[in-house]
Every structure is written in structure tokens, then in C-alpha cells.
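Number of protein chains: 4
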Amino acid sequence: MTDYSPQSDNYIQLVQEAFSKQGFMQYLGVEIADIKPGYCELHLPFKPELDQHHGYFHGGVIGSLADVSGGFAGYSLLPEGKAVLTVEYKLNIISPGVGDYLKGVGRVVKQGKTLIVTHIDVFGVSKDNEVHCATAIQTLIAVTS
Amino acid sequence: MTDYSPQSDNYIQLVQEAFSKQGFMQYLGVEIADIKPGYCELHLPFKPELDQHHGYFHGGVIGSLADVSGGFAGYSLLPEGKAVLTVEYKLNIISPGVGDYLKGVGRVVKQGKTLIVTHIDVFGVSKDNEVHCATAIQTLIAVTS
Amino acid sequence: MTDYSPQSDNYIQLVQEAFSKQGFMQYLGVEIADIKPGYCELHLPFKPELDQHHGYFHGGVIGSLADVSGGFAGYSLLPEGKAVLTVEYKLNIISPGVGDYLKGVGRVVKQGKTLIVTHIDVFGVSKDNEVHCATAIQTLIAVTS
Amino acid sequence: MTDYSPQSDNYIQLVQEAFSKQGFMQYLGVEIADIKPGYCELHLPFKPELDQHHGYFHGGVIGSLADVSGGFAGYSLLPEGKAVLTVEYKLNIISPGVGDYLKGVGRVVKQGKTLIVTHIDVFGVSKDNEVHCATAIQTLIAVTS
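Protein chains in written order, with this note's numbering: chain D, 1 to 145; chain Y, 1 to 145; chain Z, 1 to 145; chain H, 1 to 145.
In case anyone wonders, no lab produced these hints; they're calculated from the structure. Wrong hints could be hidden among the right ones.
Since the list can't tell identical chains apart, any single copy or any two copies may satisfy a pair.
Below, a list of computed lysine-lysine pairs in the DSS-like style, where the Cα atoms sit at most 30 Å apart [said to hold, decoys possible]: (1) 110 <-> 47; (2) 127 <-> 82; (3) 103 <-> 127; (4) 47 <-> 127; (5) 82 <-> 36; (6) 21 <-> 113.
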């Protein structure tokens, strides 16, 4: 992973503010676990409202967490006044979403002038176990917010 | 679009039952609008809990609706006792998710022995307008449920 | 499919010129079959150099044809002096690449200010048969050439 | 990256044999650089027949190399008598394909009963430089060959 430099000193605060404005993140119950330049880790505790027919995390929840983990990884590198939009992402679900919580880890792979590409992995975390649930690639576009 | 034949006479009921077991679909508020062999249309009325920072439908909501629209399009073709899992999907968000409700339309493109490939489009629908928000390709795998 | 208006009167000539500069297209043997605004159809006759282990068109050939079919569908809409670069694409191979020639059909789904999204389908065409080999979504970016 | 165990002692020979049957790989000029269980590195020297309009490696060439690098990473884990087919892949081109040769690196991320998921990176390599050109996720299916 490349080292990235944020373009704003208070990039952590900017991420927290942007995150707090997304009603859907609160509705799901997503929490910011770690923000570094070009890196974002989010946690999402299980609750029955998030399940599919087997009682695991729903694929849509896994996808949502992936999308946002990558999005804020990219957002952490932008100057104040800029925001990111998701252009597209592709997600492989490689194991069922089982665990006490989901951990989404987004990393910037390439920061271009206009576009940012991220890799994202999602894990189902239990007391004694961590399962790799999903892996994704995402393209973001930087826009004036 | 190819015409498909369902392998179960009560494929609509099977879809409804499978759908009703997904807690996350109820939590979002997704409703089945139409089921035909190899086709599924879902609606999701707007509520503030589903928004991102501009007050539009969150990308994760759009992605979740896409995933499930494609999933049930595939599921409609299976015999009783089978289910589908999402292997992967790729989603381009081409317009903001604005509207009174989102409409997800999933169509089977290829039904193989093991894998099913679907196309999905998501629209933001208002009284006088329908905007194409997202387009996706999805791979499903048929499993014994 | 939406109707699109080209921004240059001689968009067909511009496509032909750009196409002729790609050594790899000549090496494969790709031919332009049809260009309309937001639409590009390419043909690629079979030759043994393009095969995989079963003697069918290689997946890389199918992917290359898809990429370029979408690329020129997008390029057909640009003003003179602009070009497209492929940001990313996602391709499902749904049937083996069998046939006398491959037909790649690219269509613009969304033309944004910076980005263009296309759908692409690839068919294996024989005298009496046409098989849908692959389906793809592609993101292009318009740049100054 | 997980450690994987091959199911055949002569997995390297099996990869070499399968590779040699793909006419398109010889036509491009691809060479096997390294095979380990769940890992495949391929090299492709530049020649003008592989270029796009700027004289760099064509995107279709990058995509082909990515597809095959991932495919043989997966193939290396299979027992004799099995083969892989590409179900789908998604590729982001993050830098132009510049260099004396392209290096494709495929790694298995998940080996399931039926499906194998790989990550692939492609680099443009010059005497003093290595540029990350592309990153991809691929889904393979194991079949009886």
C-alpha cells in the first residue's frame, strides 16, 4: 500500500462530519473505527434488522459497508470543500456475513486528478474468529461539495 | 430479453416467502411490485433514514435494491428447494438517487446450470419523472436451500 | 436506449481515424461494422491465433473486443480534439466464444460531463446461429487528445 | 495472502501444458515468469502490434494479461483433469500501459468448492521503473476438462 498525504490537516474531523450527515449510516448503526490518510475502517454491529433469510448480515449491508469504507478512504485525501461520489463498485461476496460485527476496510489504490480507485475488504468478526466476507474495487470521483 | 420458464408453478409464492424472511428488506421498506419468470421489480419508498448527505437515497440503498432485484429475478426460475446466493455484482451509479421511490428492475440474461447472470437497472421515480440512477451486472449461484 | 447527438459532424471519420491508429486492433483483425451516435459495432473474424485451448475465441479476445466496442461508442459522441480512456470495465463471459466471427456491440447508457458509461454485448456469429457470449459495463473518461 | 496447497504434485507442469495450448498467448508473446500454489506471474514484452494510439500497451492487452494471470493462479490449485473458466472479471486501468514489458500477477483470494476468486495486478516494467497499470477482481469456475 502506498503512503498518502492528506490535503487537509483536519481530515479526520472532515470525515466525521461528512459521515454524520448520512442518515443511512446511523440507521444501519455503522461506526468509524479508524481513519488514516487513504484508509478507512468501519464497524457495524449485528442486529436482526440487518439479516437475510439465514440470520446473517444481508448482502446489501455488506455492500453498503464496502461502498462507504472505500468512499471515506478516498475522502480522507481531499482538500476541504471537496467531496467524493461513487462512480461504481464491484463486490465479490466470498463467505457468508457471519459475526458479532462487520469490519469494512477501505484503502486507496490510486489517487488521480479526478478519479480515485479503492480496494475494500469486509470481514465478519466474532470473539475468536475473523472471516473474510467480501472483496471489492471501487471508483470514486472528486467533486466540489 | 429471452423468455424464461419457471421450474415451479408457484414461483411467485416462493419469491414472496423468501423475500419475507429477509429482515433487512423490511427494515429498508422494500416492496415487491412485479414478479415474472426471470424478472423482478421492487419498489422502495423514500424515508429520511435512507439518505446520504444531500438528502437523496444513499448509494448503499441503491446497491442493496439492485442486488435483491437481480437475486429474485434469478430465484424466480429455480425449482422448489433451491435458493440463490450472490456471487458478485458490479454497479454503476449514473445519477443521484432522487425520487419518491426507487424502482429496481432485475432481468435474467443467462441461466446456466450452476450460475445465473442478471442485468439490473434502478430508477428514481417521482410524480412526473423517472431517472435512471444505476445499472448493474450480477452473478448468482444456485444452491440447495 | 436513449438517442444521442454527436458533437462533431464527421464523427464517423473521427472514429475510423482513431481506430486505425491502434496497432492491436489491426493485429487482432477487428473491423468496424457500424458507427452511430453512441453506438459501435465491431466484427472480428476467427483465426487460430485468437484461440484458447478448445479452439474457441480466447476470453482475452472477447474482453478486448468488448472494451473497444464500448470505447468507440463513447468516442462517437465527443467533439473533435477529445478522446476517451477506459477507466474500468466488468465483463461476464456467459457462453464460449464460438463462431465464424465475434460481433461486439457497444452502446452509451449515460453521457456525463466527464464520464461515459456503456453497455456492451459480444456475440459469436455463425452462418445459422448467433450466441450471446459476453455482457459488460464500462466506464470511460473524456480527455483532451 | 493465504497459503494454498496444490492438489497435484506436478501443478507447474499442468499450468505450462495448459498455457501452451492457448494460441492467443503465443500470438501476444506472453511468458510464464513464476507459478506457485494460488499464484501466477506472467510477462509480456512490448511490440508495436500490441499498442493503442499513443504507442502504449493497448487496454485489451492489459485486460487479456490480467484475465490469464488470474486464471492460472486458480488453475494451479486444481487436481489433474480439472480446468478453470473465467466467469467474469472487473478491471480498473489506473495508469497507461508503459514499459518494456507488462507484468501480470494473479493471486487466489478465495478457493471455494465450485468458484475461485482472484485478485490481479498488472505493472508496466522498465529498466528503472515499475508502474501499477491495472487492478482486477476475477471469478473462475472449476470444470472437468
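For a quick check of understanding: which of the numbered hints are violated here, in increasing order?
2
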